[in-house]
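K.L.:
Residue numbers (the working numbering), protein chains in the order written: chain F, 38 to 234; chain V, 38 to 234.
Bear in mind the hints are in silico, worked out from the structure with no lab data behind them.
Every clue listed holds true.
EDC-like mimics (lysine to aspartate or glutamate), calculated; alpha carbons at most 16 Å apart, straight line:
no., chain 1, residue 1, chain 2, residue 2
1, V, 72, V, 82
2, F, 138, F, 221
3, V, 138, V, 221
4, F, 42, V, 93
5, F, 138, F, 107
6, V, 72, F, 93
7, F, 138, F, 171
8, F, 42, V, 82
9, F, 113, F, 132
10, F, 72, V, 93
11, V, 138, V, 175
12, V, 138, V, 112
13, F, 113, F, 171
14, V, 138, V, 118
15, V, 42, F, 82
16, F, 42, V, 107
17, F, 42, V, 132
18, F, 138, F, 118
19, V, 42, F, 93
20, V, 138, V, 107
21, F, 138, F, 112
22, F, 72, V, 49
23, V, 72, F, 49
24, V, 42, F, 132
25, V, 113, V, 171
26, V, 138, V, 171
27, F, 138, F, 175
28, V, 113, V, 132
29, F, 72, F, 82
30, V, 42, F, 107
Protein chains: 2
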Amino acid sequence: MSSTKDIDALIELMAKLPGLGPRSARRAVLHLIRKRSLLLTPLADVMQTVAATARECLNCGNVGTLDICDICTSEKRANGELCVVEDVADLWAMERSGVFKGRYHVLGGTLSALDAVGPEELRIPRLLDRIPSENVTEVILALNATIDGQTTAHYIADQLEGEVRLTSLAQGVPIGGELDYLDDGTITAAMRARKTL
Amino acid sequence: MSSTKDIDALIELMAKLPGLGPRSARRAVLHLIRKRSLLLTPLADVMQTVAATARECLNCGNVGTLDICDICTSEKRANGELCVVEDVADLWAMERSGVFKGRYHVLGGTLSALDAVGPEELRIPRLLDRIPSENVTEVILALNATIDGQTTAHYIADQLEGEVRLTSLAQGVPIGGELDYLDDGTITAAMRARKTL
Ligand SMILES: [Zn+2]
Ligand SMILES: [Zn+2]
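Throw the hints in and build the complete structure from the sequences for me.
P.N.:
Rendered as structure tokens:
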């Protein structure tokens, strides 16, 4: 149907989002068309804005609209604690829990021999630079409890041994679990019960 | 974080889509930001276009960019067969199967005493008008095999009894199943084995 070319293109693009397949993309597009003024138009507008303004913080890898994010520029967050996470989604999960008052470092993934992901791909050199330049005294390795997450934590711990206090999230992180799936209370408990490596 | 206001707004709007909750909306937005030029910008553009152009066919309720859709204006599809479906998604599912060569009528839901949905809400008056004006000889009631779907089919069958041949999809539609979940082969089989009511 030639007159539905743009609708077909919209379905195809929506189906590329994580969590949406072709069928749920079609449902979503019909929903968008039905809720044109309440949902479709505002969504298109804010997508334009985000496409024009979103960027990764050059210091920590957080996503925002500034070259250096609010957390990195806030003097209140310069308490010597640096929380290392795999992904921006994990940083957001931490912030929602409200338990952590320091700064973050987003690796952007985990080391992986299989996928040939080395330290250079992971913002690890930048992490090592930040320890002296931001007077970091404790690095909290809040990586996922997966094999790759733990391998990455051990690698970073090796690099930083003797330089800073190294801790990891403790109680509450289930084996094989991913941080971003946890509720705020669990994250809070795990952070409070963190243990020295 | 004030600098992420637009990103937060984007997450909130995405979470309103069927099939996406807050967590999957956050994941989707991070994915969009990472794939800015490949996904976010094209998606914003095509959403603007669809918001400006999408409309319901005044005759059948199909969604497209024309006041009267391609199927309704195509003389090839005027074969006397009219397939009645609940939803545009069902029409699309039928079209993907490629088995049906006639025209459609999208009810936009089912009759429901509980939700106070009567014939007027469902484009049923328009359906009755189309029978003489488009020389319809067979009405295929392709409604979902749910209680409301079947109640609606019986209501329409009562209205049209004696005027046209009335059929329904037969073999292959599972009890309680919804048309849009079926594979194309099942829809094809059900259409070929349709039975007179
Ligand atoms: Zn930052
Ligand atoms: Zn039409």
